[in-house]
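Visitor: Here are the chains, one letter per residue:
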Amino acid sequence: MEKSRKVRRIVNKATMYFLYALLIVQCISTLIPLVWMVFTAGKGYVEYYDNPFLWPKKWRFENFELAFKNIKLQVREGKKVLEYGVLDMAGTSVIYAFLSSGWGTMWTALVAYVLAKYKFKGGEFIYMLGIIIWITPIIGSTPSAMLVKKALGIYDNLVLLVLTNVSTAFAGFNFLLLYGSFKRLPWSYAEAAFMDGAGHFTVLLKVFLPMMMPTCMVLFVLGFLGAWNDYGTFLVWLPSSPNLAYGVYKFQLDMKSFGGNICQVMAGFAMISVPTAVLYLCSQKLIVDKFQVGGLKG
Amino acid sequence: MEMQTVQRKKLRQDVVKKNVFVWSILFYPMLCFAVFYVYVNINSFIMAFQKTDIYGNSVWFGFGNFKTFIKMIVEDGGILRISFKNSIVYYLFNLCLEIPLGLIFSYLLYKKLPGSSVIRGIAMLPQVISALVVTLLFKNFMDNAIPAVMEQIFHKDNFPSLLSNPKYSFGTIIFYSIWTGFSSSLIVYSNAMNGVDPDVMHSAHIDGVDSMWQELFYIILPLIFGTIQTYLLTGFTSILMNAGPLAAFFEAYAPEETYMVGYYYLSRILRGNEHEYNMLAAGGLLMTLVAAPCTWGLKKLLDKFVPEV
Amino acid sequence: MKKSVALLLAGLTSVTALASCGGKVVNTYDENKTQIYVTIFNGGAGTTWIEKIRDEFNAKETEYEVILDYGKPSAGTIIEEIELDNISADCYFTSSINFQKGIYRDYFEDLSDVLDMEVDGAGNGKVKDKMKNYNNWQAMASKNGEGCYIVPYLDAIMGLVYDHDLFVEKEYLSFATAADEAALSAQGISYEEKTEYGTTYLIYKSATGKTNYAAGDKILTAGKDGKFGTYDDGQPKSEAEFDNMINLIVNGNDQAKSFIYSGMYDHYNNTQAHAIAAQYVGPDMFNNMLAFNTGGQEIEMYDGSYAAVELNEGYKVFQSKGIYEGLRFINKYMNSSSVHPSSMNIGSYSHTDAQNDFILSYKNSTGYPAMLVEGLWWENEAKAMFAEVENAGRGYGQVNYRYMLLPAIEGQKGIDGNGNGTVFTVSDTGGIVVVKQEDAEKLAKIKEFLAMTLTDEVMKNFTKDTGIMRPYDYDMSEEDLSGMSKFARNAWEIYSDEENIELVRFGVTRYAQPIFFTTDMHNTYIPITNNNQISDSYLRVLRNVGGAEAAMGTMSYDSVKWDAFLAEAKRQGFYK
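Residue numbers (this note's numbering), protein chains in the order written: chain A, -19 to 278; chain B, 218 to 526; chain C, 3 to 578.
Hints were generated in silico from the structure; no laboratory data involved. Some hints here could point you the wrong way.
Taking lysine-lysine pairs in the BS3-like style, the calculated list, with each CA pair at most 30 angstroms apart, reads [to be verified]:
(1) C:K35 x A:K60
(2) C:K54 x C:K462
(3) C:K444 x A:K60
(4) C:K35 x A:K52
(5) A:K52 x C:K54
(6) B:K284 x C:K462
Stretches of chain B that chain A covers, calculated by requiring three or more beta carbons in the stretch to come under 8 angstroms of a beta carbon on chain A [said to hold, decoys possible]:
(7) 231 to 237
(8) 276 to 290
(9) 397 to 407
From a predicted model like this one, the values you see are computed outputs, not experimental measurements. Quick reminder that beta carbons are idealized off the backbone N, C-alpha and C, glycines included.
Here chain A stands alone, though its shape is the one from the complex:
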């Protein structure tokens, strides 16, 4: 009896460590692209072509120099042509990522709070609508969206575009995540505050939002990372204020259509990854500790 228990324990431990080894391998393998990107950026083209996996024989730092010099975009504005260099585009990236992630997270949190904590006519409907929107593929709406955005002066205006980009604040993963989290917070906090004469806004701002702040911060940072790498929005809606991801995207396209040099492209990618990597490392503890997803019951 005791023996079989011992065997079982050993098997158990062995399984556990085997799986853990698998996890370590998986984890390390996800780091390889980062390393690969950096050393490919330091290679010559033929060297890359001969073997894309070897460490560079001699580091070619000029790739970074070239990428820095060549990642630029010209935009026509009236009769002038403006040229945006890497630093200009990085500026736009920061503003865009900051604004769009901050504004988006804020509205998602507010809507999630209201829908999770208040029973009112239409609440259930909006929640359902959110799910439907989430799963509905939309085809061919770009022309009419363009019409509307041009008419309202939103097209090619970064700030307005971000400010009006909350039309689906009640749909999607972030919404459901916050919705679930608010749902789990007991309403008794609010009742106590109401007793003390607090209004609805006070309860939201003083009681619930502070409790949800870490989650919001996590979503903000993740949103920031996503927005930093977003080039699609700029391609279609903001052609006159290029961000860095758009610049690198164009650079990469040009390189590709002219028989591009992948090493310089990688140098470009490495450059735009640095700020996000730093941001991630700084906020890592927050994300790792506070990134929580609750249920959707309700």
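Using the hints, position chains B and C against chain A.
Guide: Showing chains B and C alone in chain A's frame:
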């Protein structure tokens, strides 16, 4: 009597106050929704019932586009049929392999085995670099490295690329998706597990729960089912929208054997096949009609397993 | 931790403030002039030819100036930009011609009067007179047969590229023998005999006329054009000779690979199937087949019968012997174990990957790919890789690349109806369009500028600069040619030999067919299927169904589908 009137009045005032608060928050997003979603998409709704000619005139086409879409699904060997089949297979792998593996891995992190904090720290690092870099590396690996290794070690000449040979392509895509898909779920699940009350764990151990599987199945999973539910539902809703990494690997020209519904839509748009847009819009509507109630039903079903807080 | 995030963000924001993200002005325009924006397809190579015209134009105009922009806009993108009211230029020089939707929706200007201009001076003929095959072009570029909304820009043939010097060295080509001596003398070529390892070669000394040999070169056989010292010397003439060459490549000492092509875009090979089909039925008949109407003439069918095909049963053209021969040819040579494995096995193997492997093939003494399936533009496209191998003497324009002609197929009509000549397909026939203008005066100026780009002189400079042809009649002097890459010169020789070479401008004929551009007929011409599915690439279907014979039984279009296409085209007012 007077007391009741006062109370009723106060009650009514409360309701008004509450509604004012609720709608003052919802007003702006709903306005944006009305303009930028409903108004903008009415066009694509109408498109589903129309047909466009070379002059740009749209004429009423009734359910013709719907019929075409359904015919394409029913057609033996048709690309849409392959796409639906693949989408479901892709989802099942996500459901049966990725989520369980993610849970097991997270459990190991939760157990704080040596090095687990480092792993948690780097788990999400790949998210900071462009997906293009990751796919390019993987492509190189599958197309060049593996065939070269096979040739050198096993003297197998002409070893196929697992990524692009139609026979293995879809399997490789699934593997890639699972292998690179853990990142944030590792953090989320293990955080949820950290929220499990240690006392509950302790008393379970006294009751004889001693293996990893028992701990996982009987104690942890039921307690964190809320989190799992969210992932299950996210996976389910993305069955039809998911294009996987196909566009990153093959642009608009993936092997037909690997098509998924989401990629089918994406590839048609990438190629600018405008003739098909009306039919695609009809398909979108049709899929929503089927998927929305299913999602809702699944959510209600899963709700039953979520523990009361 | 939160503090550090906040600090970091604050830091980033202040960097932003410093950078001000405004962009700097790099080019100011003349405030007193109206700008004409011209976007020009930049195939990677020279654009100096048009810069000269721009400067000329801007110098003489007091109220207008042309601003050039370089890019690769496709017809689809341009039309989409117009529909989104997001158009960035007035005039586009592109590599595509599928503007039909835009033409029928009145997005572009009718440029007929540009084609009527005498740009090379009065009395020297109109532009349309020097256009290659004006009628065909006009049918494609018109609206219901009226007007001409696209002006031809460039012409890029597609074929099999090989390294001529390597093929001579490895003796993959055939050498002239004593039997050729009379013909050589008749052509005024003097030579001497030289024996190496028991084989006697004829060594070139000099010639009274023009040849592409240098003194000391081994003379090759005359090739399909029957002349020595031209673009096709030493190349196989018949399919049997072609087989022999492939055999030498694949089974010789080097164990090389016959072909290399992009596995991702393996529909490049479709062009070779079309060329063989056109060689088999004759180019004119092939154009008829693209229009789904054999014009009352009977064609040979796959089952051995003869039949005339009319539009209302147009799908029957796919059962012709010519179609079969095209499919058979690419299946035999491109779907084979002697093809480079990356082309066969790697679906993500891009055209630039194939170009790079081809360029670097000199580094391997065995197993190298011998021929690349590519278009005329490939040398320009691969400039980055050429730059890397410049030190090895293999840089841009240094290697003696040539096109390998397709061999004659048994039973073919050829370009003269007697089984002779070679067909090349033009894969990109580019077009120039002008976006609808509100200001008539500005439009006139744009047309004036266009006219300046259509003179013989400009065409010559264009070809000199880019190595790419324009679909007009113009001559290149020896001096012009000497500045071009060896490959471009070879292509020019092919292009100019109208007696032995005929170009099939596949796209021009295809996009002239309303049944094609008004319906959702698949982009791919021959509708062979695998699992009922038409693929972009014939090769993929051939691979899956097991060859051309099997593929002939899988044609997707039948009378039901065809009637639906026709009805759809008729609904929109065509074929009435």
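Visitor: So, for every hint listed, does it hold in this structure?
Guide: Status of the hints after comparison with the structure:
Taking the CA atoms of K35 of chain C and K60 of chain A, the gap is about 13 angstroms. The hint holds against a cut of 30 angstroms. Proposed proximity of K54 of chain C and K462 of chain C is supported: the alpha carbons are some 13 angstroms apart, at most 30 angstroms. Using a Cα cut-off of 30 angstroms, the hinted pair K444 of chain C and K60 of chain A holds, with the two alpha carbons roughly 20 angstroms apart. With a CA separation close to 27 angstroms, the supplied pair K35 of chain C and K52 of chain A stays within the 30 angstroms bound.
Proposed proximity of K52 of chain A and K54 of chain C is supported: the alpha carbons are some 25 angstroms apart, at most 30 angstroms. Distance check on the hinted pair: K284 of chain B and K462 of chain C sit about 54 angstroms apart at the alpha-carbon level, beyond 30 angstroms; violated. Only residues whose C-beta sits within less than 8 angstroms of a C-beta in chain A count toward coverage, and the stretch 231 to 237 of chain B has 3 of them, enough to reach three; the restraint holds. A count of 0 residues in the stretch 276 to 290 of chain B with a Cβ less than 8 angstroms from any Cβ of chain A is obtained; the coverage claim is therefore unmet, three being the minimum.
A count of 6 residues in the stretch 397 to 407 of chain B with a Cβ less than 8 angstroms from any Cβ of chain A is obtained; the coverage claim is therefore met, three being the minimum.
In summary, the numbered hints that this structure violates are 6 and 8.
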